[in-house]
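Visitor: Join the two chains, each given in its own frame, into one complex according to the hints.
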Amino acid sequence: MTPERWAQIEELFHSAAACDSANRDRLMEEFCNGDAGLRQEVETLLSSGQCAGENLLAALTGSLDAITFPLVGQTISHYRILEGLGGGGMGLVYRAEDVRLGRHVALKFLPEESTKDPVALGRFEREARSASALEHLNICPIYEFGEHAGQPFIVMPLLEGETLRETLCSSSERKSPLELTRLLDLALQITDGLDAAHRQGIIHRDIKPANIFISSHGQAKILDFGLAKLSRSETEDSVPERDGPLPEVGGTTREGAPAETLDPRLSRIGVAIGTAGYMSPEQARGEKLDSRTDLFSFGLVLYEMATGHSAFQANTGPTLQHAILYETPTSIRQINPSLPRRLEAIVQKALEKDRSARYQSAAHLYADLQSVKRQVQSRALMRRWIPAAVLFVLALGIAAYWLVNLRTSTARILPQINFRQLTFNSPDNPVTSGALSPNGRYVAYVDKRGIHVKDVETGMAQVAAQPLELNKGDVKWEIVSAGWFPDNQRFLVNAHPAREIPEVWSSQTTSIWIFSRIGQSPRKLRDHAVAFSVSPDASLIAFGAKAGQLGEHELWLVQPDGHQAHRLFYSDGASAIDAFQWSPNGQSVLYAQVDSAGTSFLTRDINGGPPTTVLTPYETKQIRGDLSGRQFGTSCNWLPDGRLIYQAADPHSESTASQDTCNFRTLRLDARTGKPIEKSKRLTNWTGFCFSNANATADGQRLGFLRSSSPHGTAYVADLENGETSVRNARHFTLEEWDEYIGDWTPDSRTAIIGVTRSASYGLYKQSLQSDTPEPIVADVTGGALSESILSPDAKWILALIWPVSADGSTANPTFTQTMMRIPVSGGPPQPVFRVVRAGPYSCARAPSKLCVLPEQTADHKQLVVTAFDPMQGRGRELIRFDLARDIDLNVENLLCVLSPDGTRLALARSDEGPIEIWSLRGPSRLTTLARGVQKIWNMGWAADGKGLFVGQHVQDGTELLHIDLHGKIIRLWKSLGPRCFGVPSPDGKHLAIYDWQRSANMWTMENF
Amino acid sequence: MDTSASHDVTRLLADWANGDEGALDKLTPVVYRELRRLAASYLRRERQGHTLQPTALVHEAYIRLVNQKNPTWQNRSHFFGVAARMMRQILVDHARRRHAGKRAGASVSLEAARFQLESTGKLIALDAGLTALENIDARKSRAIELRYFGGLSMEEVAQALNVSVVTVRRDLRMAEAWLQREMRDEQVPRDA
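Protein chains in written order, with the numbering used here: chain B, 1 to 1009; chain A, 1010 to 1201.
Keep in mind that the hints are not guaranteed to be accurate.
[Unchecked claim] Each pair of labels, with its calculated beta carbon distance range:
no.: 1; chain 1: B; residue 1: Gln-40; chain 2: A; residue 2: Ala-1141; range: 16 to 26 Å
no.: 2; chain 1: B; residue 1: Glu-54; chain 2: A; residue 2: Gln-1098; range: 20 to 30 Å
no.: 3; chain 1: B; residue 1: Arg-5; chain 2: A; residue 2: Asp-1102; range: 32 to 42 Å
[Stated by the list, open to error] Not close to chain A: a few residues of chain B, all C-beta gaps over 10 Å, as computed:
no.: 4; residue: Ile-518
no.: 5; residue: Ala-538
no.: 6; residue: Asp-561
no.: 7; residue: Thr-684
no.: 8; residue: His-732
Please keep in mind that the hints were generated in silico from the structure rather than gathered at the bench.
Note that this is a predicted model, so its numbers are computed, not measured.
Just so it is clear, CB atoms sit at the ideal spot from N, CA and C, and this is done for glycine as well.
Chain A on its own, in the form it takes in the complex (with noise of 0.2 Å):
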């Protein structure tokens, strides 16, 4: 691995800690793009599990861009913090493609255009839903991106987001009644 990579991004999750929001700038696309790559080498070799977790792969792009020797709790929330936004952009973006795709007629049977639609448009309405959320109830939305597409644990969320546990479970409580209720509201048109 390339060591400056590693130190930059050390560096630029220290400098956004410190309140530099340019920081934030440099560092999302250092970590897009290694979450790009490791979801794309997913699809080619065997990896940990059977399917593709974007949990394990945001805590793999953690190891490899985030400097090892001296690892802060502070580095470790922030970048996931950052990093499970990324993997909800990587997979919804790569959901709409493929959508858009099927719907474009290419040559695939009826039924697994079937499948694709039905589960891609799943991830949809839950991106939708995130971000309608997110207009609500920005820290609920939040909680929901970082345990769902970061695989943080309630630990690790209360610490991104800089509250109780307690309040953590209850907000995944309430929001993922919401976005359930939304997402069973939002396919119906969707896929009719």
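Only chain B is shown next, with the shape it has when bound in the complex (with noise of 0.2 Å):
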């Protein structure tokens, strides 16, 4: 070809590239005028140029993968190789097909130089089996270990995502760091994950963020487990000299250092180097590794996923290790100012060069995480409150989902799941049932006010009318959550007899009523009946019917006008049946079954044939205990999709009674014949709530359901008035969702002293009225809960007893001795002062009396000796002792005796059914004896002006919080649902610390799931 020729060719590709093809032509005709070649190279280019840019490029990749991935193409045992994945972790990576399951999975090869020592390679099998039968969800398992041509690889789940190294790293070349909330979703996943490894003995050895993977769907999950071990030895293990040379990379190292300044240890091996900037200082020095040396490389990881840069900046190896063994990193928030200090503290703690002195456990960790995340959340809620009638949208710890494509490693942002609160009750009128309707527009819900039918677009909300033929007060009314009718105007409520708790709803006494939207009056549709659900087509309402032990034996079906009702099926009397409802299409059922092993979920098709397990006892056991059979099937639905939403409790909260954490998990079903065709998949990654009464908009796109908190103590501040005999104006003190109690005032009664109870975790922090932010005493005191906390008379110091902590999370009855500490109100750790064995509450008087008294039964259990204590000097001399009537163990029972804020009477209850009465030190002598029809006092305490008494009485469905005058005047001042209800009045007497127990519960949907 000529130069010349050439030149044409170029010059009319590029002008009619340029016009579109109705021009074209005429530029063609003219320009060629008769050349045909010239014309049909011109055509063959133009067509071929159509996506020219990305055919080279996939050539250019293609080959570069057959290269990379020799084994693509070939079958491995039965494991049909499909491409390759990467080189990620330790070795190659490939997408597999295992054609025995017919499931797509990775194999991974580990690399050569690792697998020539047997010893080392069982030791890895041996440590990645336990590992990965932990069945942690934040945990890679392990599905098979397998060898190829002396090649070991191991078969894991393929997981859609990517690893945390490339989240760190998408944007740009640069590293940029997790958004707040992201950020401590998965470092609590990630810490949830190796506490439950490390409880089982394993260590990772090698956490970094190439280690963690971020599932598409936000999830969290450490890889390698026991990988690490294979490529390190410790001093401890006495693993052979590995023959034959180094691999390449270990000969000199990226950042262009000689592997030999670093430990041998580490050089020999070639993991030093991209993992070097993870190590721990005892990694670095080669000494034997626990737990803990996970937490320092996890400490490194949280500070790049906080800041987007490594803590140490150091790029050679001799300087890194250097920088791990001594130097300190730049502080967080120095580098980002709008982190939270309490992450700061816990980065800072995590890398604490001393191990002794860094977290001793992932719990720990993980509790201080979640302490940070609340603050977050409840500041979130706080500014959005604000504006009371705006709907908001909150992304719970689900920032930015990224999916990525592993080949091209092009990123995709897939849609957010929204989340967003429909009504807003306040803890105290909880909402206890509601059901979107299937257009989404409207959410009928039930209060203590009755029920409400609010538009979710408008905002605006109606109280519906009850039935004349009912009195208010008769019923408590409870919405089917798969009850409202496709025409958007009727939906399904039972009513169930106010008397009754809905542990005991059945059947014989309900009845189902159908209300309208539009004004009609309600109108019932059967006595003796559940409702269930309404089927697609509106023409029949499912019901059951004939109570039992476990629930209704009989599902029935009848036409909305009440007609033609016949029994559809029955179960034995061993068996409940319950939450039926109807598959998008019609033809298939969904309904759960309870029995003595739990409650399990089926499907069968609506002509007939044998029932389908979809969800074992097994499954559903994970649902949290307190959810009645009613409640639990409520929250699981059949979406138009296929999928099953239901809900599972994370195996976590099931070790810690206090919270509750239940999370959406989906699993797809064949619509035709209701078999699970797909493992199930975890949807949301929240902590601390639960919901129920899930229900799905008719297109699918929405899933409205009740979120409820796990129920907690949370502290009230209210001013005391009238001689501290009535509250007014009480207001949440505290906004976190943890277990908080004031246990008292500072002399000047401005600031509070606050003892707070997390997971497994306990504290103690004062907040000044004036503030919103608690300031730390101590935090994270270990050994058991703090009880009490009450201020010594010079204020200096904060006694607290220590109460040891069982494994199910409760605090146990102190059949043991307790220890008395002293806690430094400037802060520091507890001091032990000294041991008590079956001991009362103690109390202290102001000052200047610096009386404390500690009331102790004997060892008989016949006598209470009341001792006089010091915070300094231990326990002083006896000052009185008192006869029990009743043998009580006050390792059981309440038995109260609290000294008077100037410190010259006590208060006694000697049973927890009263009398109290009232001694003078003095002499000593009774003054007096009130409060004879007390039912069971439970906490006592003196008023401010030592001329009365707060008392907390158990009553029948919770707590009062009584004021009792020394004349023996009852005035009720405050009435709580929990069981712990006790105020703590301020030095000055014009307020009063409320502990109460809440738990909110409100309507939410949830789209884009």
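Guide: Shown next as structure tokens:
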């Protein structure tokens, strides 16, 4: 080809490419002027010009893959290798099809250099097996071990997503910090996984961003448990020297440092390089490792997530090692001042060089991270709460999801799951049931005030009229979650007797009502029946009847007009049917079967045939225990796209009884057979609440659900008036979703001392009345729960008893010795003062008195001995001794004996049934006897003026807080639905700190799930 | 890293930029060795991307070989010019070896062989196309090499070739179309 010809071709190519097809023809005609060869040449070029660039790139990438991944196309064992996924972790990773099970998996080959030692290999296999046997959500499991041509490989689930390293590097060459909620969410998951492994005695040893996988659903999974040990020998391990040449990368580090200057153990095995940046000091020194090494490494990961920078910027081996051993990294808040202080403290603690100063367990780290999360969430809530009528979207825990095509590394953002709160009831008036209309426009819900229908778009709500034949207060209403008719106008409601608690609701005492959104009066459909759902074509209503011990035995269908009722099927006496609903196409049905083994979910064809179990009792056992069968059933929903959506509690929350944590999971069912066709997936990532009443809109785009937080103690502060006999203006003092109580006040009455119980961690804080942030006095107390937390008379110390905590998270009955601790108000660790046995609540007077008293029961249970004590001197003299008439064990029951603020009198309740005696310590002599009619005193304290007592009394449905003056006059101040209400007055008598329980519940929706 | 190698490369690049053609002869083996070494280690250890990316390799080689204290854009574009050519060479050599190996009846399954042939075949076809294009329009062939094997941006290609970005864009568009057609035509007889 001549250059002239080429130039001609090129000119015409560009001109023609620039015009539209109509003009192109004319242009070609004119330009070529009869030169058919020229025209054909340019036309073929134009046609191949489409996507030419992409095709060239594909050719290049494809051939590189063939080079990089030599096994593509081969079949190894029963795995057909489909493509190379990467060289992540420690060896080559392939996508493969398990031809036996028909599922796609990831095959990971271990690097050659690590597999020459059979001892190490065996140990790796053992350890990886035990790690994968943990079956923890945040640990990537291993399906199988195999070997191909002498190369061991592991088979893992095929995860969709990317490693944390890629997430951190996603935006550019530079690393970028993660958004705070996402950071906390991921950090909690990773810590949870580490905790599970550490509890089994398994250490990872190579925690780094590249070993943490973030699935496209935002779930973190720790990869390669057990692998790290393969390539490292520790001092205690007698691993034989490996022979053969060093891997090439070991010779020179990436940073360009000669490897010999590093610890010889590290340089030999070649892991030092990429990973050296995440080594713990003990690892750098080649010492014996324990689980705390992982916490240091994770601290470095956390640092990077928070700042986008490595904690140790040194880029050569020896300097890096020096930094790890001796340097303190720049504080994360210096790099990013918007980060919470608590997070800064967490990172610092995780990065302590001395492992005894570090976090001692992943559980502690977890608890602290959660406290940051609570803080962040409650602040976000506070900010958004203010424009009250504005509905808001809250992205909880789940920030942006990234789906990465692993082959091309091009990132695509998946839509975020959006959460929206529909009702805004306070904890005093929680929503008890609700349902979203099929078009998603209306939410029907029940609270103390009755049945409401709210227009989600306008925010307008109206209270549905009560049926004329019923008196207000006769019934408790329950909206049937699958009970909206397709016309978006009518919905089913169960009416239960007002006197019955939800746990005992049954069809025997229940009636079904049809309510109308558009003002028609409610109509009763049936008595002695409990409604489950409306069929998709609105022709039938399913209800349960014939109540037995476990629930309803019979499943009936009836037309909405009440005609043609017939029994569809029934169960034997040993099981019950619940939560019946139709499949989206109306061809099959889903229902719960409750029997002695637990609750299963079954599907079956509407025309008969045997049922298929889709969720076994084992799977449903993970659901929070206090959800009754009916509530639990309503958390399961069959979506139009064929997925079943249901909730499961996290394994973690089972061990810590105080925290309820459920998450939505989905399970895809075959639309025809109702059989599960893939493994269940976790959709959400929440802690601290559970759901019920889940129902999807007709298009399956939105899911409405009732979200209830776990019940927890919370502190209110109220103003005290009329000589401490009335409370006004009670407000939440703390916002965290932890159990928090106010133990005492500083002498100036301005600052409260707060005891906080997190899932497994206890701490003391102080918070000024003017502030909304508590300051730590001591966080992370180990060894047990702190009780009382009162101030010493000189206000320098907080006196607290440490209660041992049993494994299930509950405070054990202290049949063994407890320790009185003093904690400096200015901050610092608790110091033991003396030991106590069978002690009751102790108390201190206020200055100028210096007296504190401790009531203890004698070993024979017959007497109560009251001893003076001092935070510095410890036990003092015996003050007084009381006989106990009844055989009472202070370890189990309450014997209350509290000192008046002036230090001159004792208020004594020898039994929890009263009465209350007032004794003078001068003499000593009994002054008076009060409160002969109280029911169950569980707590008692003096009013600030010394003229009365604040008494917590158990009543049938909760606790009452009473003021009892010294003449015996009783005034009710507060009613709590929880079991542990008490009040602590400020020294000036102007405020009362009230401990109460709260559990909020509101309707929410989510989209894009 | 051996700092003398770094000085060497930097100096050689400068010499070459000043018209010393002999410098290129000395430079080539150093760059080639480094790229080979990096490519080999890519196959073994984890790297930034999931797949072997020649562009990343070239960048890494540059960082390793050229003194970063005083980098000049001339050094950079010259280096990338050399490295892109080397990269192409390494990859094609590798593909040829595999291609030959598989044909010699190594013990792999039929489908594995087919996959290897297909993908390595494409690279060999691309290489042949580039060589053919070089004879017609050397600058366009070079632009493709820099962009695809060297991973240079449009601006960097323009600097390396001493033309405008608009020209580079036109060159690439034309060359891509041409190569695409050539490869399509080439591959059929080759694999048939």
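Visitor: So which of those numbered hints doesn't the model satisfy?
Guide: none
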